[in-house]
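So the chains spell out like this:
2 protein chains.
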Amino acid sequence: MIHTLEWTDHGVRFLDQTKLPTEETYVICSTPEQVADAICTMIVRGAPAIGVAAAMGIALAAKNSAAESPDELKDEIDHAGELIAKTRPTAVNLFWAIQRMKEKLEQVRTQPVAHIKHALIEEAQRMHAEDIAANQAMGRHGATLMPSSGGVLTHCNAGALATAGYGTALGVIRAAVEQGKRIHVYADETRPFLQGARLTAWELMKDGIPTTVISDNMAGAMMRQGKIGAIVVGADRIAANGDVANKIGTYTVAVLAREHRIPFYVAAPISTVDLACPDGSKIPIEQRNVIEISHIGGKQIVPDGVSIENPAFDVTPAKYLAAIITERGIARAPYPESLAALAGKTKVEV
Amino acid sequence: MIHTLEWTDHGVRFLDQTKLPTEETYVICSTPEQVADAICTMIVRGAPAIGVAAAMGIALAAKNSAAESPDELKDEIDHAGELIAKTRPTAVNLFWAIQRMKEKLEQVRTQPVAHIKHALIEEAQRMHAEDIAANQAMGRHGATLMPSSGGVLTHCNAGALATAGYGTALGVIRAAVEQGKRIHVYADETRPFLQGARLTAWELMKDGIPTTVISDNMAGAMMRQGKIGAIVVGADRIAANGDVANKIGTYTVAVLAREHRIPFYVAAPISTVDLACPDGSKIPIEQRNVIEISHIGGKQIVPDGVSIENPAFDVTPAKYLAAIITERGIARAPYPESLAALAGKTKVEV
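Just so you know, the sequences run in chain order A and B.
Just so it is clear: in the first sequence, position 197 is 197 by our numbering, and no numbers are missing.
Just so it is clear: in the second sequence, position 118 is 118 by our numbering, and no numbers are missing.
Think of the hints as simulated: they come from the structure by calculation, not from any bench.
Where hints are given, some of them may not hold.
[As the list claims (entries may be wrong)] Subject to a maximum C-alpha distance of 25 Å in a straight line, what follows is the list of computed DMTMM-like cross-link-like pairs (lysine to aspartate or glutamate):
(1) K299(B) with E82(A)
(2) K299(A) with D16(B)
(3) K227(A) with E286(B)
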């Protein structure tokens with residue numbers, strides 16, 4: 001069992017993902033500021049995990065509060081929400097989680113402060129449990145789409161480490177393996193932050209799922225050699241029309257998939273679908289520090305004075321997708337209808 | 001002026017490309033064994049540079065020889081050729097250069113040993129000079145294909161550092177810039193060995209050509225954003241049908257180029273064309289040590305026990321190419337005819 005993040009008596013305990021795969025160490029955050037910092041520095045990353053982390057950061061604000069009235073507490077919660085909202089712009093789960101915590105506060109606002117605090121802490125823990133359940137449901141739906149044997153390619157890490165547990169894309173693979181499918185995972189190393197090499201390889205090895213790490217630029221050659229039967233990735237935000245923002249390089253994989261007629265699947269919880277966003281062009285794309293490209297492990301690889309780009313995400317148009325796998329079922333084109341229908345469902349199918 | 005490799009009185013002097021971009025240091029090889037080692041460890045790399053290095057390694061065998069007869073010298077030359085032929089399997093220039101040195105020996109075999117030695121040393125130096133002249137001719141032909149302004153993407157390093165000087169793909173870009181074209185180069189960093197980040201960026205910066213380094217998996221996003229007007233890469237071996245073996249990731253770039261209707265050019269000397277090889281499936285692909293993937297700058301990024309692939313090259317089928325730029329002119333489809341015609345020409349057009 002991988003404990004990506006957990007609510008403890010001392011604060012939120014994060015598995016420090018910047019240290020993997022060589023060190024398995026944990027960081028305790030006891031304030032919303034510390035949680036915001038953990039999100040910015042990618043101690044915790046992955047859209048669903050960021051969402052749960054944001055909720056827990058707000059729960060910490062409630063826990064630590066000396067407020068004497070619900071209004072005073074609300075101000076502090078709003079402040080924590082603003083702080084956490086500024087950390088990373090692309091994953092919509094972050095904003096969804098903050099909004100859900102605010103709604104919970106509104107629901108219990110007439111109660112005493114101690115009750116409100118308790119309700120917020122409980123809500124954050126509920127979101128943690130729901131995320132795992134959603135991933136398991138996603139796995140059951142998605143496993144049917146996986147080949148009975150052979151190579152499945154994934155990009156970045158959409159696994160237990162990107163969620164409260166089990167994973168989205170890797171949850172689909174885990175469920176397929178649990179059903180007896182003999183899958184060999186090809187993991188793109190995923191420059192610049194190397195989530196595939198460091199994190200996907202680490203968690204799949206823990207589960208005994210055979211995995212081969214390749215550099216991102218090998219994916220095309222592997223597909224051409226017939227080694228890849230399906231592709232499954234996660235998502236940071238899905239627009240109403242089905243366009244998908246995900247880790248930089250996802251679009252390249254999708255184009256390669258189409259060229260080789262390999263089905264390209266996206267697995268993400270409904271909280272990743274942003275119906276207010278009409279298409280991918282409206283999704284804000286985070287630009288990260290160029291040092292992630294210019295240096296690796298402290299070693300300089302780009303000469304001083306050369307320009308560098310470092311967009312953390314790209315957008316894959318809906319036309320490249322074979323399906324979107326959610327905890328409520330599988331959406332297929334036309335996505336405006338299928339996503340709206342799934343988002344309208346009120347209960348998780350389990 | 002970049003001195004990739006040079007014949008000196010003390011041996012062959014190589015700019016140590018494993019140390020770039022942070023250190024500009026040189027290595028002197030005074031024996032064929034040392035040259036073979038410099039090729040294996042990628043102190044020198046790039047198909048045309050490897051060809052010239054091989055010729056110079058054989059010239060060193062001649063220079064160092066204590067042979068008293070032409071037959072004895074021939075045995076030593078054959079031995080040095082075998083040694084150097086084992087270093088890297090994909091770039092055909094290596095075998096072409098060894099063959100050319102053997103042919104030179106045959107031409108002068110009836111002369112005294114001292115004359116034969118002199119002729120071999122001279123031949124290797126001639127190949128160095130001819131490589132630069134070929135790149136400049138390639139540049140003149142290819143520059144006409146470059147856009148008058150805007151982004152041109154390249155993969156790996158097919159520059160001065162991959163040749164005796166000026167470069168193949170980067171020679172085309174240099175010639176276009178010399179003609180007044182306002183080109184901004186996008187350089188794929190090119191995992192695992194990072195030739196784009198380390199070498200292409202370094203040599204283009206030296207020449208004042210604006211360059212942006214991106215990770216390999218950003219190329220698709222850059223194309224989709226309309227930032228790339230043309231693509232030009234080098235080649236390690238071109239089959240008779242126009243299939244191109246080049247640095248791993250080239251095929252992915254070619255597929256992306258086709259999807260975005262961006263012309264994809266290959267620039268390489270005629271010595272890279274292997275008419276004896278009918279198509280890309282017959283080109284041997286070097287598999288390199290997985291430590292190039294698992295570690296960067298000494299830092300481990302893949303957990304122990306996980307499988308890794310590390311093919312150094314891939315094959316791009318001819319159908320993805322807009323043209324092949326050689327020192328003798330531009331070849332277009334159908335390549336079996338156009339390449340044979342160019343290879344049949346006996347003189348470099350200058």
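These are the hints, each one checked on the structure:
For a cut-off of 25 Å, the pair hint linking K299(B) to E82(A) is broken: about 37 Å separates their Cα positions. Of the supplied pair hints, the one linking K299(A) and D16(B) holds, its CA atoms being roughly 17 Å apart against a limit of 25 Å. The straight-line distance between the Cα atoms of K227(A) and E286(B) is roughly 18 Å, inside the 25 Å bound, and the hint therefore holds.
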